[in-house]
Amino acid sequence: MRILPAILPGIGAGLRVGATKGREVARGGYLILLFDFETMELKAIISDFLIHGIRSAVPNGVAAKHLSRKSSSTLGVIGSGRIARWATEAVFAVRPIKNVKVYSPNRDHRRDFCRYMERKLGIEVKEFEGAESVVRDSDIVAAATTAKGPVLKGEWLALGSTVISNTPEELDRATVKRAKIVVAIKDEVRHHVPPWQAIADLLSSGELSEADLSLEITDIILGRKVGRTSEEEIISFLNPGCGIYDVAIASYVYPRAQEQGLGISLPP
72 MRILPAILPG IGAGLRVGAT KGREVARGGY LILLFDFETM ELKAIISDFL IHGIRSAVPN
132 GVAAKHLSRK SSSTLGVIGS GRIARWATEA VFAVRPIKNV KVYSPNRDHR RDFCRYMERK
192 LGIEVKEFEG AESVVRDSDI VAAATTAKGP VLKGEWLALG STVISNTPEE LDRATVKRAK
252 IVVAIKDEVR HHVPPWQAIA DLLSSGELSE ADLSLEITDI ILGRKVGRTS EEEIISFLNP
312 GCGIYDVAIA SYVYPRAQEQ GLGISLPP
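Under the numbering used here, the sequence shown is numbered contiguously, ending at residue 339.
One should not assume that every hint holds.
[Unchecked claim] In silico lysine-lysine, DSSO-like type, Cα no more than 30 Å apart, as pairs: (1) K219 with K251; (2) K296 with K257; (3) K251 with K224; (4) K136 with K92; (5) K169 with K191; (6) K191 with K92; (7) K197 with K136; (8) K141 with K257; (9) K248 with K136; (10) K169 with K141; (11) K141 with K197; (12) K219 with K92; (13) K296 with K136.
[Stated by the list, open to error] Pairwise CB distance ranges (calculated): (14) M111 with K141: 19 to 29 Å; (15) D272 with L79: 27 to 37 Å; (16) K169 with E330: 35 to 45 Å; (17) K219 with H262: 33 to 43 Å; (18) P176 with A90: 19 to 29 Å; (19) G81 with L337: 19 to 29 Å; (20) G81 with K219: 36 to 46 Å; (21) D183 with E278: 33 to 43 Å; (22) K224 with E281: 19 to 29 Å; (23) M111 with S142: 41 to 51 Å; (24) I194 with H262: 34 to 44 Å; (25) V297 with S204: 43 to 53 Å.
What the hints contain is simulated information worked out from the structure, not anything from laboratory work.
By construction, the Cβ of each residue, glycine as well, lies at the ideal position given by its N, Cα and C atoms.
All chains should be modelled from the sequences, with the hints used to inform the complete structure.
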């Protein structure tokens with residue numbers, strides 16, 4: 072069972088709940104329960120099958136806006152599923168992306184990704200047979216996979232690049248050691264299940280400290296701390312799933328569904 076609770080003051084409270092067997096989501100998927108912030112009454116039960124990809128990928132655009140070089144024009148994508156598609160759109164919305172490169176192990180999936188993204192973005196999207204060709208020379212790299220091990224190597228990263236990781240086992244130790252680490256929420260990264268393995272290993276060996284994981288992107292957005300300090304700096308943004316995302320998107324979807332007469336009213 073996986074339960075992600077959160078409260079957004081003045082907006083709402085809620086949780087995402089579902090079950091998995093290994094890495095396979097049980098039939099029916101995950102649900103978001105949204106509660107009124109003032110009364111804590113249950114307002115809605117929302118299937119997150121469609122909105123989960125958006126909820127997970129939007130922080131990729133936020134990270135690109137605040138961490139990547141403003142001139143970033145080449146995006147490398149590892150993965151070709153729903154989150155990878157939305158992540159590509161999110162980055163495209165905030166940076167002058169002219170080239171998109173993609174790799175995923177399934178050739179049919181990545182070709183579908185190319186066709187879909189070319190229609191959406193109006194630019195050419197190129198597929199590659201390996202991750203290295205995607206990562207090298209990319210200004211921004213977005214990894215959105217279900218991999219059980221690293222999908223890129225730190226030695227492939229160009230100076231000045233920004234790496235965005237959406238699941239905990241995508242980065243190798245070399246990437247973590249080369250990059251400045253910026254996190255969405257530090258406690259989520261530190262205590263994530265499954266763990267961010269490269270980070271856990273480096274903490275255990277003493278090559279990484281808790282202080283290295285203390286820079287949250289909200290501090291950068293609010294001007295409390297500095298993000299990028301040079302054009303050559305490599306930055307890695309860790310984007311774990313967290314309940315705040317679920318409450319935020321459910322609070323956005325719920326009133327719009329009401330306005331359109333969607334959904335079923337349950338008896339009190």
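Consistency of the hints with the structure:
no. : hint                       : in the structure
1   : K219 with K251             : holds, 23 Å
2   : K296 with K257             : holds, 15 Å
3   : K251 with K224             : holds, 15 Å
4   : K136 with K92              : violated, 36 Å
5   : K169 with K191             : holds, 13 Å
6   : K191 with K92              : violated, 34 Å
7   : K197 with K136             : holds, 23 Å
8   : K141 with K257             : holds, 25 Å
9   : K248 with K136             : holds, 23 Å
10  : K169 with K141             : holds, 13 Å
11  : K141 with K197             : holds, 22 Å
12  : K219 with K92              : holds, 15 Å
13  : K296 with K136             : holds, 15 Å
14  : M111 with K141: 19 to 29 Å : violated, 43 Å
15  : D272 with L79: 27 to 37 Å  : holds, 34 Å
16  : K169 with E330: 35 to 45 Å : holds, 38 Å
17  : K219 with H262: 33 to 43 Å : violated, 20 Å
18  : P176 with A90: 19 to 29 Å  : holds, 26 Å
19  : G81 with L337: 19 to 29 Å  : holds, 25 Å
20  : G81 with K219: 36 to 46 Å  : holds, 39 Å
21  : D183 with E278: 33 to 43 Å : holds, 40 Å
22  : K224 with E281: 19 to 29 Å : holds, 25 Å
23  : M111 with S142: 41 to 51 Å : holds, 47 Å
24  : I194 with H262: 34 to 44 Å : holds, 39 Å
25  : V297 with S204: 43 to 53 Å : violated, 33 Å
When each numbered hint is compared with the structure, violations occur for hints 4, 6, 14, 17 and 25.
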